[in-house]
Structures are given as structure tokens and as C-alpha cells.
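Chemist: From first to last, the protein sequence lines stand for chains A and B.
Heads up: the first sequence begins at 13 in the working numbering, then just goes up one per residue.
Heads up: the second sequence begins at 691 in the working numbering, then just goes up one per residue.
Hints in this document: simulated from the structure, not taken from any laboratory.
You may find that some hints are simply not true.
Stated by the list, open to error - Non-contacting residues of chain A with respect to chain B, defined by C-beta distances greater than 10 Å in every case (computed): (1) K79; (2) N129; (3) I306; (4) V324; (5) W331; (6) A334; (7) L368; (8) K372.
Said to hold, decoys possible - To give an idea of the interface, some chain A residues facing chain B are shown, with a C-beta separation under 7 Å as derived from the structure: (9) F328; (10) I329; (11) E339.
In this text the structure is predicted, and so the values were computed from the model without any measurement.
Using N, Cα and C, we set each Cβ at its ideal position, and we do this for glycine too.
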Amino acid sequence: MVKNKGKISVRQALTLFAILTITPTVRFAASSTALIAKQAAWLVPTVTAVFLFLMLYILNILLQGYKNKSFTEMIYDITSKFWGNLIIFLYLVWITILIAFYLRFYSERLVTSIYPNVKIDIFTISMLILIGFIIRNGIVVIARMGEISFILISIVILVLMIFMIPTIKINNLLPISYLDIMPTLKASFSGAALFYVIYLFFFAHEFTHQEEFFKYGKLTLLFIWLINTVIILASIGNLGHAIISRSPLSFLIAVKQVTLLGVVSGFESILVATWIISDFIMILVLTYSVLNIIKSLFKLSSYNSFINIFLVFLFFISWILANNVFELQTLSVDVVVSGNIIMQFILPIIIVVIALIRKKINIKTN
Amino acid sequence: MLKYIMIIGAISIYEIYMMVKKRQMKDFNAFLIFVLIALLASYIHVHDPFDASLSELLLKLVKSEYFKGG
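Whenever a hint applies, use it, and build me the whole structure from the sequences.
Modeler: Here you go:
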């Protein structure tokens, strides 16, 4: 037990990963898939799940080959020092941009959906102060918060789905034919961009029971597939693909249509509350990853001194990132999806292939 | 800009004090880099020297249809 003090299990890490996918799924899964795959968009998560399963297998090879080591240590061991520094620096820049992106989106969403006359700074600063306090307590506290949030978020989405069932129109989801195969495959890229598990590998040295990664990874994939399918199904089934593809907060609009017994409404506020929790966990976990990267890259004795200054930097970068929410949405579709595919799929696959060629890891050990 | 310099300065003084107290002065150089980056970010935020946001620069780089309008 003493050996595992300050560490989290792989199951807890994958729970954090599951929460990380909820914010982007609720925000853009329905609209981005409906734009390309139209009424067949609800089939996209199934195709995406196949890609993610293969990626999970590849990452499992890496994790089993380097037990109790972080992703930075793996990169340094597999590549040279120069290339290792370059790759880790790229991850540092990209994850920082991602955090700023989600921080700004979180504040913009609150101003757009509930508090139209409130200054956006208030939400950004309050989130950063909260993160500054919690992140010092380490990954164990974050993981426990994640577990509680996971249950809460799952129950809320499940209840909302049950309420939304009567409003789903089958005509909006059909017909499906062979002509939908290519658009569905094309749309699956945007779903695959949510595979944030590699960013958690930057603190993989704090995982225990790493041999269970594939087992719990499959269960997490099942959860993500279910949440994605249900959200897209409910959104498109409710309002049709034409409206959903043009809506910036598509699932929120679909939830706004829900009424219980024709009397009780306003369920979107529950969704927004859940969304904030998910945003908070996401920014917290990604910031923790970045701090671990900084620690490895600059060979620091501790990252504690860097928390406040990094959060101040995040505040400025979230403002520099975009002038308005329309820029953020375009950035999300045109840059963030492609960037995530490169950082989450292409780079890790290259690293695993190099590791296999250099016989640093072995498939048979899995 | 002055308020941002004051905030960054206050944080820096506190963190340097903590570094000295915990005998972690070997992290000082890296910390200084981050302070300079934060100051640079605050300058860009206040004065907007590029007359464009980071999104605009990135979207121009990938030749996005965002600027085509319509």
C-alpha cells in the first residue's frame, strides 16, 4: 500500500479519460457528424470505436513495455534526446493551446447560454483559481473527484435521455443506405479526435495495475461509444440533421425541447451544470499533464512553483486565442480536430513503430 | 498592462521566496523563462501587436473558409 501511495489505478485514469470526452462530445459531436453524415450520423460512433479500439491496443503495447514510466520517459528512451525534446515540446505547446481553447469555450458557453450580461473574465478567473487550489493536492484527489463526477454526469445524461425518448422522430434517423458508408467514415475522424487518453500518459508513472489497461480501456470505449451514440441519436432524432448541423450548441438546443408531462421544463440548466463539472475536470487533468511535461522537459525538482505562473499564462493565452465564439468554433473544426489526430494518433503510432524496430518493446509481452 | 505586471510580479516574488525556502533554486532559470513568457502574453493581450488573434493566424495558415464570408 505504501508503494502505491500518491498513485492512481488505471481504472481511475480511464475514468478521467471518459470525463474528458464528455465536454467535446456534448459540444460538437452531433453538429460535426450531422454536417457530413446527415441522418446516418448516429452510426458514426460505431465506426470511430473500431479506430479507437485499434489505438487502444497500440497504446497498451507501449504501456506494458514501459511500466511505471511516463510518456516523456518513454519518448526519451525510444528516440534521441534532440527528437525527444522536440516531440515533448510539441505536446507542451499543443496541450497548452487545447487548455486555453477549452477554458475560453467554457466561459463563452456560460455567457452565451445562461449569463449574457456577465463579464467573461469572472468565469475564467474563478475556474483558474479553483484549479490552482486543487492541482496542488495531486493526482489522487483529482482522480477521486473524477470518479464522483463520472457517476453524476452519467446519471444526468441517462435521465435526460429517458426524457428525450418521446421527442425522438424515427423519420429524422432514417433512411440508411450504402450511400451513407463514405460520409460515415469521413465523419468518424472528428469523433476520433476526442481520444485524449495519450495526454494522460504524461503521468503514467503514477498509475498502478497497468496490466489492466486494456481490460478497463475496452469498458471505457464502450461507455464513450454509448454516450456518443445516445447524444447524436437524441439530437438528430429530435430536431433533424439540418438544424443540428447548423447549431453551435446542438445538444443543448435538443435538451431545451424536453418537457416532463408537458409542464416541467428547463432541463438545459442541469446539462450546463454537468458540462461545467466536465470542463473543470478536463482543464484540471490537462493542466496536470502539462505541469508533468514541464517538469520533465526542464528537469525540475518540483512543478509546484510553476502552477500559478502557468495559470496566469493560460488566462492570457485564452484571450489571445480568439476574438469571439465563431472563431473558436471554426478553429475547433479546421485546426483542433486535425491537430488532435496528429498528436493522438500519428505521433504515438510513429513512436510505437520506432520502439518496435529498435526492439525497445515487444508485442509478445502483451 | 500595469495591473498585469503587478500580478505577475507578486506571483514571481512569492514563488521565488518559496523556492529559496524549499532550497529549489535550481528551478529558478526555468521559472524566469515562464515569467517572461507570461509578461509577453500579457503584452500581446493588451496591445495586440499582430492585429489578429491566434485563431485567425492558425486559420489563415490552414487556408480556412472562415474568411471567405457569405
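Chemist: Now look at each hint and say whether the structure bears it out.
Modeler: Tested hints:
no. : hint : result
1   : K79  : holds, 28 Å
2   : N129 : holds, 23 Å
3   : I306 : violated, 8 Å
4   : V324 : violated, 5 Å
5   : W331 : violated, 5 Å
6   : A334 : violated, 4 Å
7   : L368 : holds, 32 Å
8   : K372 : holds, 29 Å
9   : F328 : holds, 4 Å
10  : I329 : holds, 6 Å
11  : E339 : holds, 4 Å
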